[in-house]
Amino acid sequence: MIDKNSIIHNKAKISESVEIGPYCVIGPDVEIKENVIIHSHVNISGNTS
Numbered sequence: 001m002i003d004k005n006s007i008i009h010n011k012a013k014i015s016e017s018v019e020i021g022p023y024c025v026i027g028p029d030v031e032i033k034e035n036v037i038i039h040s041h042v043n044i045s046g047n048t049s
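Under UniProt numbering, the first residue of the sequence shown carries the number 1, and numbering increases by one thereafter.
Be aware that a few hints might be false.
Said to hold, decoys possible - Derived pair list, reagent style DSBU-like, types lysine-lysine, alpha-carbon separation capped at 30 angstroms:
1. K33 - K11
2. K33 - K13
3. K33 - K4
Worth flagging that the hints you see were computed from the coordinates, not collected in a lab.
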């Protein structure tokens, strides 16, 4: 589930089982794999997996 108040770049790769809390920003070139939980107010950017 991705919170409606988070911003996910359209080039980010997010697995379906990922949970993203409110007010997060996920930039391009980011890959988040299965079963990851990202809590509120997290910013992930750059070439990250």
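Going through the hints against the structure:
no.: 1; hint: K33 - K11; result: holds (14 angstroms)
no.: 2; hint: K33 - K13; result: holds (8 angstroms)
no.: 3; hint: K33 - K4; result: holds (20 angstroms)
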